[in-house]
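Chains P and R, in that order, give the protein sequences.
Per the numbering used here, the first sequence starts with residue 4, numbered consecutively.
Per the numbering used here, the second sequence starts with residue 7, numbered consecutively.
A hint or two may mislead.
Below, computed lysine-lysine pairings styled on DSS-like, alpha-carbon distance capped at 30 Å [claimed, not checked]:
id, chain 1, residue 1, chain 2, residue 2
1, R, K24, R, K77
2, P, K59, R, K61
3, R, K59, R, K9
4, P, K44, R, K63
5, R, K19, P, K6
6, P, K111, R, K61
7, P, K44, R, K77
8, P, K44, R, K19
9, R, K59, R, K76
10, R, K76, P, K101
11, P, K6, P, K111
12, R, K59, P, K111
13, R, K9, P, K71
14, P, K44, R, K61
15, P, K44, R, K24
16, P, K101, R, K24
17, P, K44, R, K9
18, P, K111, R, K19
19, P, K59, R, K19
20, R, K19, R, K61
21, P, K101, P, K20
22, R, K61, P, K6
23, R, K63, R, K77
Treat the hints as calculated values from the structure; they're not laboratory data.
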Amino acid sequence: ELKVEQNPLFLSMQEGKNYTIYCNYSTTSDRLYWYRQDPGKSLESLFVLLSNGAVKQEGRLMASLDTKARLSTLHITAAVHDLSATYFCAVDTSGTYKYIFGTGTRLKVLA
Amino acid sequence: DVKVTQSSRYLVKRTGEKVFLECVQDMDHENMFWYRQDPGLGLRLIYFSYDVKMKEKGDIPEGYSVSREKKERFSLILESASTNQTSMYLCASSFPGGSGEGANTEAFFGQGTRLTVV
Chain P
4 ELKVEQNPLF LSMQEGKNYT IYCNYSTTSD RLYWYRQDPG KSLESLFVLL
54 SNGAVKQEGR LMASLDTKAR LSTLHITAAV HDLSATYFCA VDTSGTYKYI
104 FGTGTRLKVL A
Chain R
7 DVKVTQSSRY LVKRTGEKVF LECVQDMDHE NMFWYRQDPG LGLRLIYFSY
57 DVKMKEKGDI PEGYSVSREK KERFSLILES ASTNQTSMYL CASSFPGGSG
107 EGANTEAFFG QGTRLTVV
């Protein structure tokens, strides 16, 4: 059974600090996605990582993918309050049409 | 921009009612999905469809059915609503999986329907 695990599940951090969210998955996949969800809202696509070694950056967020280790990271640089949200990673299982989501990391950035 | 629209933001239904949740996408996506989201459980796939009139069960299909008569529309049906189906329901759509940089494969989500069954 394909599993996608994120850690930490909860993260409270001060503004200006750096931190990394980890996403491990249990089967072969070359495609990994990061989403953001604000409270009461739907999921918004942040990054699409399509190959081993892929790195994408947008503002204070940077995502990377290591398919050999089955690991993706979402790095937060100099956090600001506006980044407070829940972040999900998801894996697109090769040969099927399904996305499997991690349980999410709830990030709270304290002013 | 891709738009995925769910017919209701909030719904309150009674136990035993038949409930229809509608989802429409405007990007000609082949794939469409229904997820439910519950605190501590993340997103769980109920059903997905990779073509008109085609459907596949996800991880938690019990108590649900789906209909896809047109490419742009994917409906989730609760045959007889129960209180344990109170949840946030999310519809999504995507192109089929591809490979290599530039392949547009991510799922796009609707705004969600918060269903309460009383």
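_So if I understand the rule, the pair passes when the alpha-carbon distance is 30 Å or less; does R/K59 with R/K9 pass?_
21 Å, holds
*Going straight from one Cα to the other, do R/K9 and P/K71 come out at no more than 30 Å?*
Cα-Cα ~34 Å, so violated.
*Given the hint that P/K59 pairs with R/K61, test it: the Cα-Cα distance must not exceed 30 Å.*
33 Å, violated
*Does P/K20 lie within 30 Å of P/K101 when you go C-alpha to C-alpha?*
Roughly 35 Å separates the two Cα atoms, so the pair is violated.
*Does P/K44 pair with R/K63 here, judged by a C-alpha cut-off of 30 Å?*
Satisfied, since the Cα-Cα distance of roughly 25 Å is no more than 30 Å.
*If you draw a straight line from the CA of P/K111 to the CA of R/K19, is it 30 Å or shorter?*
34 Å, violated
*R/K59 and P/K111: Cα distance at most 30 Å?*
Cα-Cα ~43 Å, so violated.
*Does the structure keep P/K59 and R/K19 at a Cα separation of 30 Å or less?*
The given pair, whose Cα atoms are some 43 Å apart, is violated under the 30 Å limit.
_Given pair status - R/K61, R/K19, alpha carbons within 30 Å_ = 26 Å, holds
*Hey, P/K6 versus P/K111, does the alpha-carbon distance stay inside 30 Å?*
With Cα atoms ~25 Å apart, P/K6 and P/K111 stay inside 30 Å; holds.
*Does P/K101 lie within 30 Å of R/K76 when you go C-alpha to C-alpha?*
20 Å, holds
*Holds or violated: P/K111 with R/K61, Cα cutoff 30 Å?*
38 Å, violated
In this structure, the hints that do not hold are numbers 2, 5, 6, 12, 13, 18, 19, 21, in rising order.
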